[in-house]
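Undergrad: One letter stands for each residue in the lines below.
Number of protein chains: 2
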Amino acid sequence: MNVIKNGTITDVKGFKAAGITAGLKKSGKKDLALIYSEYKAVSAAVFTKNLVKAAPILVDMENIKSENTQAIIVNSGNANACTGEDGYKNAKKMTEIIAEKLNLHPTEVLVESTGIIGVQMDMEKVASGLEKIVPELSEEGGHNAGEAIMTTDTFPKNLAVKIEIGGKEVTIAGIAKGSGMIHPDMATMLAFLVTDISIDKKLLQKVFSKSTDDSYNMVSVDGDTSTNDMAGILANGAAGNTKITDENSEEFKIFKEALNFVNKELAKSIAKDGEGATKLIEVTTKNARTMEDAKKVSKSVITSSLFKAAVFGSDANWGRILCAVGYSGAELIVDKIEIFIKGEDKIIQVAKNGMGIDFGEEEVEKILKEEKVGVIVNLNDGNYDATAWGCDLTYDYVKINADYRT
Amino acid sequence: MNVIKNGTITDVKGFKAAGITAGLKKSGKKDLALIYSEYKAVSAAVFTKNLVKAAPILVDMENIKSENTQAIIVNSGNANACTGEDGYKNAKKMTEIIAEKLNLHPTEVLVESTGIIGVQMDMEKVASGLEKIVPELSEEGGHNAGEAIMTTDTFPKNLAVKIEIGGKEVTIAGIAKGSGMIHPDMATMLAFLVTDISIDKKLLQKVFSKSTDDSYNMVSVDGDTSTNDMAGILANGAAGNTKITDENSEEFKIFKEALNFVNKELAKSIAKDGEGATKLIEVTTKNARTMEDAKKVSKSVITSSLFKAAVFGSDANWGRILCAVGYSGAELIVDKIEIFIKGEDKIIQVAKNGMGIDFGEEEVEKILKEEKVGVIVNLNDGNYDATAWGCDLTYDYVKINADYRT
Chain A
1 MNVIKNGTIT DVKGFKAAGI TAGLKKSGKK DLALIYSEYK AVSAAVFTKN LVKAAPILVD
61 MENIKSENTQ AIIVNSGNAN ACTGEDGYKN AKKMTEIIAE KLNLHPTEVL VESTGIIGVQ
121 MDMEKVASGL EKIVPELSEE GGHNAGEAIM TTDTFPKNLA VKIEIGGKEV TIAGIAKGSG
181 MIHPDMATML AFLVTDISID KKLLQKVFSK STDDSYNMVS VDGDTSTNDM AGILANGAAG
241 NTKITDENSE EFKIFKEALN FVNKELAKSI AKDGEGATKL IEVTTKNART MEDAKKVSKS
301 VITSSLFKAA VFGSDANWGR ILCAVGYSGA ELIVDKIEIF IKGEDKIIQV AKNGMGIDFG
361 EEEVEKILKE EKVGVIVNLN DGNYDATAWG CDLTYDYVKI NADYRT
Chain B
1 MNVIKNGTIT DVKGFKAAGI TAGLKKSGKK DLALIYSEYK AVSAAVFTKN LVKAAPILVD
61 MENIKSENTQ AIIVNSGNAN ACTGEDGYKN AKKMTEIIAE KLNLHPTEVL VESTGIIGVQ
121 MDMEKVASGL EKIVPELSEE GGHNAGEAIM TTDTFPKNLA VKIEIGGKEV TIAGIAKGSG
181 MIHPDMATML AFLVTDISID KKLLQKVFSK STDDSYNMVS VDGDTSTNDM AGILANGAAG
241 NTKITDENSE EFKIFKEALN FVNKELAKSI AKDGEGATKL IEVTTKNART MEDAKKVSKS
301 VITSSLFKAA VFGSDANWGR ILCAVGYSGA ELIVDKIEIF IKGEDKIIQV AKNGMGIDFG
361 EEEVEKILKE EKVGVIVNLN DGNYDATAWG CDLTYDYVKI NADYRT
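Chains as they are written, first to last, in full-length UniProt numbering: chain A, 1 to 406; chain B, 1 to 406.
It should be emphasised that the hints constitute simulated quantities derived from the structure, not laboratory data. It is possible that some hints are incorrect.
[Stated by the list, open to error] Mimicking DSSO-like on lysine-lysine, the simulated pairs with C-alpha atoms at most 30 Å apart in a straight line are:
| hint | chain 1 | residue 1 | chain 2 | residue 2 |
| --- | --- | --- | --- | --- |
| 1 | A | Lys-26 | B | Lys-366 |
| 2 | A | Lys-366 | B | Lys-372 |
| 3 | A | Lys-26 | B | Lys-352 |
| 4 | A | Lys-366 | B | Lys-352 |
| 5 | B | Lys-399 | A | Lys-399 |
| 6 | B | Lys-210 | B | Lys-92 |
| 7 | A | Lys-5 | A | Lys-256 |
| 8 | A | Lys-125 | A | Lys-25 |
| 9 | A | Lys-201 | A | Lys-49 |
| 10 | B | Lys-342 | A | Lys-352 |
| 11 | A | Lys-65 | B | Lys-210 |
| 12 | A | Lys-93 | A | Lys-25 |
| 13 | B | Lys-399 | A | Lys-342 |
| 14 | A | Lys-399 | B | Lys-5 |
| 15 | B | Lys-92 | A | Lys-336 |
| 16 | A | Lys-16 | A | Lys-93 |
| 17 | B | Lys-162 | B | Lys-253 |
| 18 | A | Lys-352 | B | Lys-162 |
| 19 | B | Lys-89 | B | Lys-125 |
| 20 | A | Lys-369 | A | Lys-352 |
| 21 | B | Lys-5 | B | Lys-342 |
| 22 | A | Lys-256 | A | Lys-101 |
| 23 | A | Lys-352 | B | Lys-132 |
| 24 | A | Lys-26 | B | Lys-369 |
| 25 | A | Lys-162 | A | Lys-125 |
| 26 | B | Lys-264 | B | Lys-93 |
| 27 | A | Lys-25 | B | Lys-92 |
| 28 | A | Lys-352 | B | Lys-89 |
| 29 | A | Lys-49 | B | Lys-352 |
| 30 | A | Lys-92 | B | Lys-336 |
| 31 | A | Lys-369 | B | Lys-26 |
Excised from the complex, chain A in its bound form (with noise of 0.2 Å):
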């Protein structure tokens, strides 16, 4: 596998993208995004778990069942969330002027937004955008598509790899965005991938699935989820490789551990562009007695405030580690826990047995000084690992939220 340098999703064959400016931020930086496959592509998705569910999620939930899906178009600056009816129709009209431009049916379109919540869509503004990034599409136009799904994230997420699939080269690429609200069971976090490989509609779904809840379900911010939040994948076969059936072959395996990839990466860098983050928080659970509890604990340490306050503050406070292990509702045994911190070349044990032993403080507090700081928790009592991802609790989260509008 290949990472392929300042790599994005028109880096795959068969897919053009833009981003352009429709005017719904009022900043007036990028905030519409269109994503195309020249070729049909088969889809899958994840959605929003909670019950408020923004009315393009609705309508996608929908149009993910079609058998083909060549274009997602996504705006920013407005969530059309908790819109109504009107809501819902002017997810679906953009749907139909995207799929008119493009020659195909609206159900072959997916839609998403992200931004404000309960405001009615400027659909003025949205339609004349629609019209003008249509013409916009090309095959360098990957980063600004990444640009313009951003809200308040600092940063564009983009991501794309190589494998080789029986002799073909096939690419996978994503662009996502995170920042507020974002938590696990997929909250204000948007990913869009899209890949060359030839596959079958249901497997890609069982494998994409699987993959959002080891990477994207693993990421906490604040631990609100959000009313839009949505994974999605297109696969449009052009890498022309034999179709991919079974889920037992190698190319199967090659295939998923490269998916695997590009969701933990993307995931990562939604998890390190937090609101006001400074630095990534890696906590990887070893040792637990089901899949389900490795990931209750490292997500209950990840979503610590108390936890992720001392990281900020570089405080070596393990005890808030066993605190929140404590209280993760996952079944262990306290006296055979150990915590370790990890640093980018060192890895000094805090506690064992459930207890605080004698370690170099400034040690630690170098670790936890550096970009990206990990928390290990053995629990010495099984054989299942589950990390999870987040960031520091600092003084410029509250600053954004106290006072955030669009």
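Given chain A, put chain B in place with the hints provided.
TA: What follows is chain B alone, placed relative to chain A:
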């Protein structure tokens, strides 16, 4: 029911208390509290559900079974948590010393600790403190005890009320501490109540457990659940009422109502004094399908960092409330939801049918600037109501927790 002005635990017949400096806090502030009943008393308590339980909690889970409980010894400055076998022995030692001085059996003494995790108690200081505190016991010592259990609290929490039971005057009073790590399911939160009522021990446990579920367990400051949480009550019968043994009696109902009042008021004062808090937030969910659903919704809103930061910024962001309702896990119909913001003397509706409505944003902002902010979520889908309490998320929360040394 009458609230006693500046009332505290020593306003209850037959109870003495003391609060002194033993030197466990670097600040030199009071850090050792003793509550003592001159008469035999029955006790009830609820403990943290965290699997990582502090040493004194383990001791109390045994001692609470005793038919007689006449003393509670509490230190602040050190939580005696994650301290293993030595910690357990030290907690037991504290009950033994107090028992000897007060002529009790060690199992007739409850012990609690609050403060830093993972450090062994300085037993020399503790022992000399225990030596000093017993002679300090007095009928005016309640306020000192209330002060001595504080950690990052900014004000002591005392309350006492009088009721009449079968022609006898009965008093119920309590001291509490809160601040960091306060969350449903008994997070670092201590509440010690005393009453002179005569009541059956089992009945006391039953009514006390239920009452804490609706009060302390409905408070959230930061979502963390600590290793040391506990709420306990002693009832010594000094009021001279006929012993209450029937939960259907009028006397029991009067007592229950007063007990609920004391617990809820102490819970509210804990929420108000959350670390860095500037406002008390009260979220009431109405007309849920089940009591569990009503609690889930209220807790989900009060725990949302995004909502809490919006309240700090006096931002009328009903979308974040609706979003938190949606991911609460409660069964509900989004289209039926109404949301109201409630101030001192005004209620303003901000959402209807699961959507925002036009409202005077300035008026709502005025309410959000008050010291107490109310939110009412009407699910219009059943008959169950529940209230939760919390506080706003502020710069100071991050500051206190990024650099918390006792």
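Undergrad: Taking the hints in turn, state whether each one holds.
TA: How the hints compare with the structure:
1. Lys-26/A with Lys-366/B: Within the cut-off at roughly 26 Å; holds.
2. Lys-366/A with Lys-372/B: Violated, because 42 Å separates the two Cα atoms, which is more than 30 Å.
3. Lys-26/A with Lys-352/B: Roughly 27 Å separates the two Cα atoms, so the pair holds.
4. Lys-366/A with Lys-352/B: Given pair Lys-366/A, Lys-352/B is violated - Cα atoms ~52 Å apart, limit 30 Å.
5. Lys-399/B with Lys-399/A: This hinted pair holds, its Cα atoms lying about 13 Å apart.
6. Lys-210/B with Lys-92/B: Holds, at roughly 29 Å.
7. Lys-5/A with Lys-256/A: holds, 21 Å
8. Lys-125/A with Lys-25/A: At roughly 11 Å apart (the allowed maximum being 30 Å), Lys-25/A and Lys-125/A satisfy the hint.
9. Lys-201/A with Lys-49/A: holds, 22 Å
10. Lys-342/B with Lys-352/A: violated, 49 Å
11. Lys-65/A with Lys-210/B: At roughly 48 Å apart (the allowed maximum being 30 Å), Lys-210/B and Lys-65/A break the hint.
12. Lys-93/A with Lys-25/A: Within the cut-off at roughly 20 Å; holds.
13. Lys-399/B with Lys-342/A: Within the cut-off at roughly 24 Å; holds.
14. Lys-399/A with Lys-5/B: Roughly 40 Å separates the two Cα atoms, so the pair is violated.
15. Lys-92/B with Lys-336/A: holds, 23 Å
16. Lys-16/A with Lys-93/A: With a Cα-Cα distance of about 22 Å, the restraint between Lys-16/A and Lys-93/A holds, given a limit of 30 Å.
17. Lys-162/B with Lys-253/B: holds, 14 Å
18. Lys-352/A with Lys-162/B: violated, 50 Å
19. Lys-89/B with Lys-125/B: Since the Cα atoms of Lys-89/B and Lys-125/B sit roughly 16 Å apart, the hinted pair holds (cutoff 30 Å).
20. Lys-369/A with Lys-352/A: Given that 30 Å is the threshold and the Cα spacing comes to 23 Å, the pair holds.
21. Lys-5/B with Lys-342/B: Given that 30 Å is the threshold and the Cα spacing comes to 28 Å, the pair holds.
22. Lys-256/A with Lys-101/A: violated, 34 Å
23. Lys-352/A with Lys-132/B: violated, 36 Å
24. Lys-26/A with Lys-369/B: Cα-Cα ~27 Å, so holds.
25. Lys-162/A with Lys-125/A: Not OK: Lys-162/A and Lys-125/A at ~38 Å, beyond 30 Å, violated.
26. Lys-264/B with Lys-93/B: Outside the cut-off at roughly 33 Å; violated.
27. Lys-25/A with Lys-92/B: Roughly 63 Å separates the two Cα atoms, so the pair is violated.
28. Lys-352/A with Lys-89/B: The given pair, whose Cα atoms are some 19 Å apart, holds under the 30 Å limit.
29. Lys-49/A with Lys-352/B: holds, 22 Å
30. Lys-92/A with Lys-336/B: At roughly 23 Å apart (the allowed maximum being 30 Å), Lys-336/B and Lys-92/A satisfy the hint.
31. Lys-369/A with Lys-26/B: Roughly 27 Å separates the two Cα atoms, so the pair holds.
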